[in-house]
Amino acid sequence: MTARVGVVTFPGTLDDRDTQRAVRVAGAEAVPLWHRDKDLQQVDAVVLPGGFSYGDYLRAGAISRFSPVMETIIEQAKAGMPVLGICNGFQVLTESHLLPGAMLRNDHLHFVCRDQKLRVETSATAWTSQYADGQEISIPLKNIDGRYTAAERVLDELEAEGRVVFRYLDGNPNGSLRDIAGISNAAGNVVGLMPHPEHAVEPLIGTGRTDGLGFFTSVLKKLVSA
Amino acid sequence: MTLDAVRHLDTVTHAAETPEAGQPWKELGLKEDEYARIREILGRRPTGAELAMYSVMWSEHCSYKSSKVHLKQFGEKAPQTDALLVGIGENAGVVDVGQGYAVTFKIESHNHPSYIEPYQGAATGVGGIVRDILAMGARPVAVMDPLRFGAADHPDTRRVLPGIVSGVGGYGNCLGLPNIGGEVVFDPCYQGNPLVNALCVGVMKHEDIHLAQASGPGNKVILYGARTGGDGIGGVSVLASETFDATGPSRRPAVQVGDPFQEKLLIECTLEIFREQLVAGIQDLGGAGLSCATSELASAGSGGMRVELDTVPLRDATLSPEEILMSESQERMCAIVEPDKVERFLAICEKWDVIATVIGEVTEGSQLEIFWHGEQIVDVPPRSVAHDGPTYHRPYARPQWQDALQADDAGKLPRPGTSAELREQVLKLVGSPNQASKAWVTDQYDRFVQGNTVLAQPEDSGMIRIDEETDLGVAIATDGNGRFAKLDPYTGAQLALAEAYRNVAASGAKPLAISDCLNFGSPEDPAVMWQFAEATRGLADGCLQLGTPVTGGNVSLYNQTGDVAIHPTPVVAVLGVIDDVNRRTPMAFKDEGHLIYLLGDTREEFGGSAWSQVVHDHLGGLPPAVDLDRERLLGEILISASRDGMIDAAHDLSDGGLVQAVTESCLRGGHGARLVVPDGLDAFTFLFSESAGRAVVAVPRSEELRFTDMCGARGLPAARIGVIDGDEIDVQGEFSIPLGELRAAHEGTIPALLA
Amino acid sequence: MARVVVDVMLKPEILDPQGQAVQRALPRLGFDGISDVRQGKRFELEVEGPVDDAALARIREMAETFLANTVIEDFAVKVES
Amino acid sequence: MARVVVDVMLKPEILDPQGQAVQRALPRLGFDGISDVRQGKRFELEVEGPVDDAALARIREMAETFLANTVIEDFAVKVES
Ligand SMILES: Nc1ncnc2c1ncn2[C@@H]1O[C@H](COP(=O)(O)OP(=O)(O)O)[C@@H](O)[C@H]1O
Ligand SMILES: [Mg+2]
Numbered sequence: 001m002t003a004r005v006g007v008v009t010f011p012g013t014l015d016d017r018d019t020q021r022a023v024r025v026a027g028a029e030a031v032p033l034w035h036r037d038k039d040l041q042q043v044d045a046v047v048l049p050g051g052f053s054y055g056d057y058l059r060a061g062a063i064s065r066f067s068p069v070m071e072t073i074i075e076q077a078k079a080g081m082p083v084l085g086i087c088n089g090f091q092v093l094t095e096s097h098l099l100p101g102a103m104l105r106n107d108h109l110h111f112v113c114r115d116q117k118l119r120v121e122t123s124a125t126a127w128t129s130q131y132a133d134g135q136e137i138s139i140p141l142k143n144i145d146g147r148y149t150a151a152e153r154v155l156d157e158l159e160a161e162g163r164v165v166f167r168y169l170d171g172n173p174n175g176s177l178r179d180i181a182g183i184s185n186a187a188g189n190v191v192g193l194m195p196h197p198e199h200a201v202e203p204l205i206g207t208g209r210t211d212g213l214g215f216f217t218s219v220l221k222k223l224v225s226a
Numbered sequence: 001m002t003l004d005a006v007r008h009l010d011t012v013t014h015a016a017e018t019p020e021a022g023q024p025w026k027e028l029g030l031k032e033d034e035y036a037r038i039r040e041i042l043g044r045r046p047t048g049a050e051l052a053m054y055s056v057m058w059s060e061h062c063s064y065k066s067s068k069v070h071l072k073q074f075g076e077k078a079p080q081t082d083a084l085l086v087g088i089g090e091n092a093g094v095v096d097v098g099q100g101y102a103v104t105f106k107i108e109s110h111n112h113p114s115y116i117e118p119y120q121g122a123a124t125g126v127g128g129i130v131r132d133i134l135a136m137g138a139r140p141v142a143v144m145d146p147l148r149f150g151a152a153d154h155p156d157t158r159r160v161l162p163g164i165v166s167g168v169g170g171y172g173n174c175l176g177l178p179n180i181g182g183e184v185v186f187d188p189c190y191q192g193n194p195l196v197n198a199l200c201v202g203v204m205k206h207e208d209i210h211l212a213q214a215s216g217p218g219n220k221v222i223l224y225g226a227r228t229g230g231d232g233i234g235g236v237s238v239l240a241s242e243t244f245d246a247t248g249p250s251r252r253p254a255v256q257v258g259d260p261f262q263e264k265l266l267i268e269c270t271l272e273i274f275r276e277q278l279v280a281g282i283q284d285l286g287g288a289g290l291s292c293a294t295s296e297l298a299s300a301g302s303g304g305m306r307v308e309l310d311t312v313p314l315r316d317a318t319l320s321p322e323e324i325l326m327s328e329s330q331e332r333m334c335a336i337v338e339p340d341k342v343e344r345f346l347a348i349c350e351k352w353d354v355i356a357t358v359i360g361e362v363t364e365g366s367q368l369e370i371f372w373h374g375e376q377i378v379d380v381p382p383r384s385v386a387h388d389g390p391t392y393h394r395p396y397a398r399p400q401w402q403d404a405l406q407a408d409d410a411g412k413l414p415r416p417g418t419s420a421e422l423r424e425q426v427l428k429l430v431g432s433p434n435q436a437s438k439a440w441v442t443d444q445y446d447r448f449v450q451g452n453t454v455l456a457q458p459e460d461s462g463m464i465r466i467d468e469e470t471d472l473g474v475a476i477a478t479d480g481n482g483r484f485a486k487l488d489p490y491t492g493a494q495l496a497l498a499e500a501y502r503n504v505a506a507s508g509a510k511p512l513a514i515s516d517c518l519n520f521g522s523p524e525d526p527a528v529m530w531q532f533a534e535a536t537r538g539l540a541d542g543c544l545q546l547g548t549p550v551t552g553g554n555v556s557l558y559n560q561t562g563d564v565a566i567h568p569t570p571v572v573a574v575l576g577v578i579d580d581v582n583r584r585t586p587m588a589f590k591d592e593g594h595l596i597y598l599l600g601d602t603r604e605e606f607g608g609s610a611w612s613q614v615v616h617d618h619l620g621g622l623p624p625a626v627d628l629d630r631e632r633l634l635g636e637i638l639i640s641a642s643r644d645g646m647i648d649a650a651h652d653l654s655d656g657g658l659v660q661a662v663t664e665s666c667l668r669g670g671h672g673a674r675l676v677v678p679d680g681l682d683a684f685t686f687l688f689s690e691s692a693g694r695a696v697v698a699v700p701r702s703e704e705l706r707f708t709d710m711c712g713a714r715g716l717p718a719a720r721i722g723v724i725d726g727d728e729i730d731v732q733g734e735f736s737i738p739l740g741e742l743r744a745a746h747e748g749t750i751p752a753l754l755a
Numbered sequence: 001m002a003r004v005v006v007d008v009m010l011k012p013e014i015l016d017p018q019g020q021a022v023q024r025a026l027p028r029l030g031f032d033g034i035s036d037v038r039q040g041k042r043f044e045l046e047v048e049g050p051v052d053d054a055a056l057a058r059i060r061e062m063a064e065t066f067l068a069n070t071v072i073e074d075f076a077v078k079v080e081s
Numbered sequence: 001m002a003r004v005v006v007d008v009m010l011k012p013e014i015l016d017p018q019g020q021a022v023q024r025a026l027p028r029l030g031f032d033g034i035s036d037v038r039q040g041k042r043f044e045l046e047v048e049g050p051v052d053d054a055a056l057a058r059i060r061e062m063a064e065t066f067l068a069n070t071v072i073e074d075f076a077v078k079v080e081s
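Residue numbers (the working numbering), protein chains in the order written: chain Z, 1 to 226; chain D, 1 to 755; chain E, 1 to 81; chain W, 1 to 81.
Just chain Z, with the same shape it has in the complex (with noise of 0.2 Å):
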């Protein structure tokens, strides 16, 4: 049986469907979950894609983060399901308190579309087995609004417990304090970062790099293997 991962769409989701193609290349079943539906079809593990839901409007992720669909992904999130924000994703993780911190606007208060390279700080997590600890790779990045802040005891905290996930190398793209490019919970089955796995997974497409699909065979991987 396939694991089935399940991918959000709410009103302005702009990488669903691109989601669902990288779902499907790492091998997995792609399930589309509709904001207003609480109801997650039993699938093993969610993806909260990029975009601008509701717009941005007020706060990247502020009105997406009251749907219906949440409350059960923050209720499942909590119970361990494997949970992946991607950018406009995690910006909803954030506004949803599962994920410390906060969004702001870049510094130099552009949007940037740029190929961006990472280091992988830990494989620990439900969404980065495949990489190697330390492990560098370069997968899209494109967002105004992905300046990652959080209060200095926040950010030792997440330091202290690996829980930083993933670094911005080569130029910091948007003043994020301490390079974070993304984290994790402290259980590590929940993952937001900025940049854009689900863009790296074909050779032809993009940045003509595959280096973002070992996050969906990170997660089939463990799901097969629970």
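Read the hints as simulated data drawn from the structure, not as lab findings. A hint or two may mislead.
Using 35 Å as the maximum straight-line C-alpha spacing, the simulated DSBU-like pairs for lysine-lysine come out as follows [claimed, not checked]: (1) 11/W / 11/E; (2) 428/D / 68/D; (3) 341/D / 205/D; (4) 11/E / 31/D; (5) 11/W / 78/E; (6) 11/E / 41/E; (7) 41/W / 78/E; (8) 117/Z / 590/D; (9) 11/W / 41/E; (10) 72/D / 26/D; (11) 41/W / 41/E; (12) 78/Z / 41/W; (13) 117/Z / 78/Z; (14) 117/Z / 78/W; (15) 65/D / 220/D; (16) 72/D / 117/Z; (17) 221/Z / 78/Z; (18) 78/Z / 38/Z; (19) 205/D / 510/D; (20) 38/Z / 341/D; (21) 26/D / 11/E; (22) 220/D / 341/D; (23) 222/Z / 78/Z; (24) 351/D / 38/Z; (25) 41/W / 11/E; (26) 38/Z / 41/W; (27) 78/Z / 351/D; (28) 590/D / 510/D; (29) 11/E / 78/W.
Remember, predicted model here, so these are calculated numbers, not experimental data.
Following the hints, put chains D, E and W with the ligands in place on chain Z, whose structure we already have.
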């Protein structure tokens, strides 16, 4: 001017009874004979609402009254082709790209609003063209944005450029449409008239093509999307007042605020409606709003339509009927739906949080009838509004100064005397604002979204995969060169066409069809009208020769400050198809040892060149000669070479000439090049000439023989000019420049200007 | 040092997508009884020297030419007490 | 119908590049003497019914949970006179 709310409602009956009532036709921009013609059509004076409709629909913007006698040639001279499924006249043309797929694309301008409010002007420009594409039944899959600004170092450019760029990005990024290309050009002639052209391309299956027509009496007219507000109402303030002062009221600039989130919902909602085959006809609301949508839908159908204007959802309850008819509120669509499908239609809209309202129905008759609080305020033959607008044969004449301009030969400009000077001019060229890297702009656009982007800026063309199974794809490039067109508008238009064609072919795709945006000054100036006539003639002749029909486009006139018009700026978008995107040809030189070939003939051609601008601030002489048969041959060679794996990089030569192209390919690939000036050419001409019909390619040594044999057999000059090697560009016997130095010059300019 | 606040709001006839999005979300969050929401910008300026009529006139000019685009926005200048 | 205004500003310790960009541009435009600029959001809420303590308490809750993200922002609620 405030609206007089208690003003008497001008019904059709009232209009018939008060033939002598004065009307503000002049203030609304109508000419006396146009007003007389409206009275003749109706057999009475128009009501206020009718006058509103005619005045916007008969405006230059909507009726093409100055340009249509010239645009006719695009139909008359159209090349024979099976590729065109829907031609000029619909929201956008549709091209058959094989495997059951059809592609629709169109380019439009949003120049004037973008100067007044750069962010919103550009944003709503993107929004408008996306709805045109959607209305054809297609899923929009990419956008492009050819932009032109005043001098790079002018203080106002700092306001206009960042605003426009973030508007294009803010809207397109939020919609989830990859931006795969465009242009950024600086020239003082665009100082008070920046050009914001926007292109959208969409994909559908043949059977999904939808047309803007209202037929089938009893079918419902559904308005859906955003509520209607009081924004962007051109001349309505005139109508709303009873008295007019001598000078006439000032025209309020028609600036609207876009809501890309609403548009994203509109796209998804509309695509779901298409999937369930719920519409009989559909039209987007753009310029002239409901006036345009209702009259065009009715006119293209059986004619009869009845609309209850009270039912239109409003953002502002105080709007008058005239204002509702003329409002250009964004993010709205109008659909014709069979009665038994209405319920499902509304349910899908509800799912996507899109407001949808039945505002009327198709009727047996042939009149467009609009009611307000039960009273009839419009009763017109829709065709007379939508299609029978005035046509002008405006006088045109070759300007007096044209001869002097052409006589001012750029070939006589002082050329670099030493190798050191040559080197210096190369650096100056690749670092000049027009030739510098545009990454500062394009990095603000999402080029990855939708996961089908094969090539995007700075590649020669943008390429999108449209079928994941077969890897079928399309490529598009847009080009225009106002300097060339100023020197000779006929040739300039053909050079724009040739360049876009060459760009598409360089990436390995076969050019199929074009769309164009014609940006010119005032049609009331005979010199401008001559430029327009020459450019359209050049384009039509060029398309016939290249076999690429014009599928649609847009005209933007009155781009001028005082008496000074912009350079005539025809912008051409060429669409090509590639049956397997795996064999696309990128521009990067990335394999050391591969041979660099220059294809085509290099002549001493510097009129309008980047070199003449950058080094001498000069514009004069004749633009490069055009040979479209040669362009076609070059295209065929580039496509064959890509299909047979004979080349692994290609880059077309255009502004800046060979040295610019080689620099870009080297920087993109991270490798240098050793170049040798071919026999018969001097180094200066070799590096800077802008002869058309040329490209550079990288050929693996193993393929060299096969490649040169092919070129020889087909009669295309191919000169081996060097090899990919090292980390500098070295021109033998002249100079060498490290890539780092080139990169600093090329990439540092725009950020420094805008910092 | 005094603080001057410049509030910039979209003109009433201009669409305010942000305000609308907020308003539409409120009932879902259990907040009723808000019939309209408009969202604008607030600039807090720290002014060196006295905030006299001349200074206020300059700030008004700044708001008019730079902080707001009066084609679509209105602004208000207030001295923070 | 009464209007309640909610002002939302970034906390003082959080970098405000938008405000900084405005401040940096001012001298170029000929406006001197502004030592700091912060940019925030202003929400104008039209409240149905009376704006009594209960209503204000609800609006404060709305600001706290929704209009502002208190990880990074402070807010102030005011009844418009
Ligand atoms: N420069 C042009 N070349 C070819 N067709 C044009 C050109 N300008 C306008 N058209 C065609 O004229 C028709 C009306 O144009 P337009 O008013 O821009 O369309 P829409 O109402 O969809 O915005 C369209 O079919 C358009 O493609
Ligand atoms: Mg249209």
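Review point. Is the straight-line distance between the alpha-carbon of residue 11/E and that of residue 78/W 35 Å or less?
Key: Between residue 11/E and residue 78/W the Cα gap is close to 21 Å, so the pair holds against 35 Å.
Check your understanding: Keeping to a limit of 35 Å between CA atoms, is the pair of residue 72/D and residue 117/Z held or broken?
Key -> violated (53 Å)
Practice item. Would you mind confirming whether the straight-line C-alpha gap from residue 26/D to residue 11/E stays at or under 35 Å? Key: Cα-Cα ~29 Å, so holds.
Exercise for review: Take the C-alpha atoms of residue 117/Z and residue 78/W, compute the straight-line distance between them, and say whether it is at most 35 Å.
Suggested key: Given pair residue 117/Z, residue 78/W is violated - Cα atoms ~46 Å apart, limit 35 Å.
Point to revise | Pairwise hint evaluation, residue 78/Z against residue 222/Z, where the allowed Cα distance is 35 Å at most | key: Status holds; Cα separation ~17 Å.
Check your understanding: Is residue 205/D within 35 Å of residue 510/D, Cα to Cα?
Key -> holds (20 Å)
Review point. Would the pair residue 221/Z and residue 78/Z pass a check requiring their Cα atoms to be no farther apart than 35 Å?
Key: Holds: residue 221/Z and residue 78/Z sit about 21 Å apart, inside 35 Å.
Practice item. Quickly compare the C-alpha distance for residue 41/W and residue 41/E to 35 Å and report which way the hint goes. Key: holds (5 Å)
Review point. Is residue 11/E within 35 Å of residue 41/E, Cα to Cα?
Key: Satisfied, since the Cα-Cα distance of roughly 13 Å is no more than 35 Å.
Exercise for review: Compare the distance between the alpha carbons of residue 117/Z and residue 590/D with 35 Å, and conclude whether the hinted pair is satisfied.
Suggested key: holds (20 Å)
Review point. Would the pair residue 428/D and residue 68/D pass a check requiring their Cα atoms to be no farther apart than 35 Å?
Key: Not satisfied, since the Cα-Cα distance of roughly 43 Å exceeds 35 Å.
Review point. Is the Cα-Cα distance between residue 38/Z and residue 341/D 35 Å or less?
Key: holds (29 Å)
Violated hints, listed in ascending order, are 2, 14 and 16; each of the other numbered hints is respected by the structure.
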